[in-house]
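Chemist: Kindly generate the complete structure, drawing on both the sequences and the hints.
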Amino acid sequence: MFGYLRRHQGFTIALCLFFLILFFGFFFPEFRLGLFYYKTEYSTFGFVLADIFPFLDLFIEFPGFVKDPFAGQFDQWGTRLIFESPSEYLLLGTDDYGRDVFSQLAHATQNSLLIGITTSIIVITMAIAIGSIAAYKGGIIDEFLMLITNIVIVFPVYPVLLILAASIRPQDRDLTLIAIILSVTTWPWVARAIRSQVMTLRERDFVNLARVSGMSDLRIAAVEVLPNMFAYLGLLLAIVTGGAIVAEAGISMLGLGPPSPPYITLGSMLYWVVQNESIRSEMYWLYYPPGIILTAFLVILYILHSNLDEIFNPRLKRH
Amino acid sequence: MVAESIETAEKQEEGVFILDRLKGLATHSYSRFVLKKAVFYLIVIFIALTFVFAIPRFMPGDPATRLLRPPPTGSDPARLAQFKEIKQAMNAYYGLDKPLHEQYIDFWIHILQFDLGSSYTYYPRTVVEIALPRLIYSLVLVIPVLFISFFLGNWIGGRAAFLKGRFNDLVYLFSIITANAPFYWLGIIIFVYFVTGDNIFLSHPGGISPDISRELSLEFFIDTIRHYFPAFLTLIIVMTGGWATGMRAMTLYEKESEYLLYAKQMGFRTRTMRRYAQRNAILPQFTGLNLRLNELIGMTIIIENIFLWPGIGVLAGQAIGSQDYPLVIGTFLVTLVIVIVGNFFVDITYGFLDPRIKTGHGG
Chain A
1 MFGYLRRHQG
11 FTIALCLFFL
21 ILFFGFFFPE
31 FRLGLFYYKT
41 EYSTFGFVLA
51 DIFPFLDLFI
61 EFPGFVKDPF
71 AGQFDQWGTR
81 LIFESPSEYL
91 LLGTDDYGRD
101 VFSQLAHATQ
111 NSLLIGITTS
121 IIVITMAIAI
131 GSIAAYKGGI
141 IDEFLMLITN
151 IVIVFPVYPV
161 LLILAASIRP
171 QDRDLTLIAI
181 ILSVTTWPWV
191 ARAIRSQVMT
201 LRERDFVNLA
211 RVSGMSDLRI
221 AAVEVLPNMF
231 AYLGLLLAIV
241 TGGAIVAEAG
251 ISMLGLGPPS
261 PPYITLGSML
271 YWVVQNESIR
281 SEMYWLYYPP
291 GIILTAFLVI
301 LYILHSNLDE
311 IFNPRLKRH
Chain B
320 MVAESIETAE
330 KQEEGVFILD
340 RLKGLATHSY
350 SRFVLKKAVF
360 YLIVIFIALT
370 FVFAIPRFMP
380 GDPATRLLRP
390 PPTGSDPARL
400 AQFKEIKQAM
410 NAYYGLDKPL
420 HEQYIDFWIH
430 ILQFDLGSSY
440 TYYPRTVVEI
450 ALPRLIYSLV
460 LVIPVLFISF
470 FLGNWIGGRA
480 AFLKGRFNDL
490 VYLFSIITAN
500 APFYWLGIII
510 FVYFVTGDNI
520 FLSHPGGISP
530 DISRELSLEF
540 FIDTIRHYFP
550 AFLTLIIVMT
560 GGWATGMRAM
570 TLYEKESEYL
580 LYAKQMGFRT
590 RTMRRYAQRN
600 AILPQFTGLN
610 LRLNELIGMT
620 IIIENIFLWP
630 GIGVLAGQAI
640 GSQDYPLVIG
650 TFLVTLVIVI
660 VGNFFVDITY
670 GFLDPRIKTG
680 HGG
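Taken in sequence, the protein lines are chains A and B. Under my numbering, think of the first position of the first sequence as 1, with each following residue one higher. Under my numbering, think of the first position of the second sequence as 320, with each following residue one higher.
If you're looking for bench data, these hints aren't it; they were derived computationally from the structure. Using N, Cα and C, we set each Cβ at its ideal position, and we do this for glycine too. There could be a bad hint or two in this list.
Derived DSS-like pairs (lysine-lysine); straight-line CA-CA distance at most 30 angstroms [to be verified]:
1. B:Lys355 / A:Lys137
2. B:Lys356 / A:Lys137
3. B:Lys417 / B:Lys403
4. B:Lys406 / B:Lys417
Each pair of labels, with its calculated beta carbon distance range [said to hold, decoys possible]:
5. A:Gly139 / B:Leu482: 38 to 48 angstroms
6. A:Phe144 / B:Gly414: 31 to 41 angstroms
7. B:Phe493 / A:Pro259: 11 to 21 angstroms
Modeler: Have a look at this one:
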C-alpha cells in the first residue's frame with residue numbers, strides 16, 4: 001500500500017489535502033452552531049500549524065531539494081561526508097553514514113503521518129463498531145463488550161507491543177502491519193468514548209421517534225446516531241493519529257519499528273541516534289529535528305483537543 | 320462430663336462465630352469489591368499467559384528454522400537429513416511434538432512453578448534468574464516516581480486552579496508541554512544537556528562507572544545516584560505534568576460546585592476552600608492512577624534504554640536484539656505481573672478511600 005503511495009506522489013498530495021480538509025472540517029460545525037465564546041487565538045493557531053505538516057511531504061516532490069535518505073552523500077573527490085554540520089547544500093547535515101538528515105526528516109514525517117492516519121482509521125472503525133453496538137443494545141451485550149474492553153485496557157501497552165512486534169520477523173514488518181499492531185492496543189479507550197457519546201444520543205427524541213416508527217436498529221445507528229457524532233469522531237481521529245505517531249516512535253526506540261532500509265520514521269531516526277551514541281556528541285542536528293517535529297505535532301493536537309474538549313464538556317471552560 | 324459438654328458448647332459457638340464472620344466478609348461491600356477485582360485480574364493473567372503460549376506456536380516456523388539457518392533446498396541430501404534430525408530433536412526438547420492440549424498443560428505446570436525456561440543468550444541461566452535483579456532496578460525507578468509525581472503533580476494542579484490570572488495560564492501551558500512532549504524526546508534532551516554537556520549525570524551500561532567498585536561506600540552511592548538521576552528526572556517531569564493538568568481541570572470543575580460557590584460568597588479563606596476542593600477532586604485521580612501506572616511502566620522500559628539504567632527495559636531491548644525468545648516472553652510476563660499487582664493495589668486503595676464503596680452505594 002505504501003509502495004503505491006510512494007510511486008504516485010500526486011495521490012500523496014491528495015491524501016495530505018484530505019487531512020487538511022479533515023482539520024478544517026472541525027471548525028465549520030462550531031461556527032454554524034454559533035459558539036461565540038470559541039477562542040480563536042489558540043485554535044486558529046493550532047489549525048494553521050496543523051496544515052504545515054502535510055506540506056512537509058510535498059518537499060519530496062522536489063527531487064533536487066530532497067535526496068535519497070538512505071544514500072550516503074559524497075563530495076567531489078568521492079569522500080563520504082560523515083557527520084557534516086548543516087550547510088547550504090545539506091540543510092540538516094549528515095549522520096554517521098553520510099545520509100542527508102533533512103531528506104530523512106522529510107521521508108520520516110511522511111511515514112509517521114501515514115502510520116498515524118492508518119492506525120486512526122482502523123481504530124475508529126473498530127471502536128465505532130464495538131462502542132455503538134455496546135451502547136445501543138445495552139444489557140448483557142454491553143456488559144460483555146465492556147468486560148473485553150476493560151481487559152484489553154489493563155494490558156500494559158508497551159510490553160504487548162513488544163511481544164507482538166518481536167514475534168514478527170523484521171523483514172515482514174511494513175507500515176501497515178505496524179499500524180495494525182498499534183491499533184490493537186489503542187482501540188479500547190476510543191470504544192469507551194464512542195460508547196458514552198452514543199449513550200447520550202440514544203435518549204434523544206429523534207432516536208426514540210425512529211425506533212417507534214419501526215426503523216431497524218442498524219439503520220437508526222447509521223442514519224440518525226452516527227452523523228451527529230461526526231465532529232467528535234473527527235476529534236478522536238486527530239487524537240488517535242497523534243497517539244499512534246508517538247507510540248510508533250516509542251516502539252522504534254526499542255528497535256521494533258519498521259525496518260530501517262526500506263522505511264524510515266521519526267522513531268527510527270531517534271533510535272539510530274541512541275544506538276550510535278550520537279547523543280554523547282555535540283551534533284545537535286542529529287537529535288533535535290525528529291523530536292521537535294514530534295513535540296510540535298503533539299502540542300498542536302493537544303491544543304485542538306482541549307479546545308474541542310471545552311466544547312464537548314462546557315464545565316471545563318476557562319474563564 | 321459437664322466440662323466436656325461446656326467444651327462442645329463453646330466449640331459450637333465458635334463455629335457459629337466463624338461462620339458469621341465469613342458471611343459478614345462475603346456480604347460486606349468492600350470485600351466483595353476486592354474479590355471482584357481479584358477475579359478480574361486473575362482472568363487477565365490467564366488470558367495473557369494463554370496469549371504467551373499461543374503466539375510462538377501459531378507463528379510460522381519452528382525453533383530449528385528460527386535459530387539456525389536451514390540448508391537451502393538444493394544441497395546435499397545428507398545435510399538435509401542431518402538438519403531434519405536436528406529439527407526433530409529440538410522439537411522434542413521443547414515439547415512441540417506433543418498434542419496441543421498436552422503442551423498447554425505442561426506450559427501451565429511450568430508457569431505455576433515459576434519456571435520460564437532458559438534464555439538463549441545466557442544459557443543455561445533461567446529467565447527468572449536473569450530478570451529478577453533487573454526488576455529491582457526498574458522498581459527503584461518506578462515506585463518513587465509514581466509516589467512523588469502523584470503528590471507533587473496533584474499539589475501543583477490543586478494550587479494552580481486557585482491562582483489568579485497569569486499564573487494559572489502559565490502553569491497550564493507548562494503542564495501541557497511537559498505532559499505532551501514525547502518522553503523519550505525529553506529523555507534525549509536531558510541526556511544531551513546533563514550527561515554529554517555538563518557531566519553532572521552519567522550513563523554507563525551496568526548503572527555505575529567502570530572504575531568504581533561495588534562496595535557499600537559513599538563513592539559507590541554517589542556514583543549510582545548520578546547514574547540514576549537523569550532517568551528519574553525525565554520520568555518525574557513527564558508524570559508530574561500529566562497529574563498537574565488533570566488535577567487542575569478537576570479542581571476547576573469542583574470550584575463550580577454549589578458548596579464552594581456558597582463558601583466563596585461567605586468569604587472563606589482561599590486556603591480552606593482549596594482544601595475542600597482538593598479533597599473531592601482527588602478521588603477521580605485515583606481511577607486514573609491505574610492507567611498512569613501502566614503508562615509509567617511502559618515509559619520506564621524505553622527510558623532505561625536511553626540512559627542505560629540496567630532494568631527490565633534494557634533486558635527487553637537486548638532480548639529483542641538478539642532474538643532471545645524466552646527472555647522476551649520473560650520480560651513481558653514480569654512486566655505484566657508488576658502491572659497487575661500495582662493495579663490491584665491501586666484498586667484496593669481506591670476502594671478504601673472512596674466512602675461510597677465501603678457503604679455499598681457506589682463503586
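Chemist: Would you list, in rising numerical order, the hints stated earlier that this structure does not obey?
Modeler: Of the numbered hints, just 7 does not hold.
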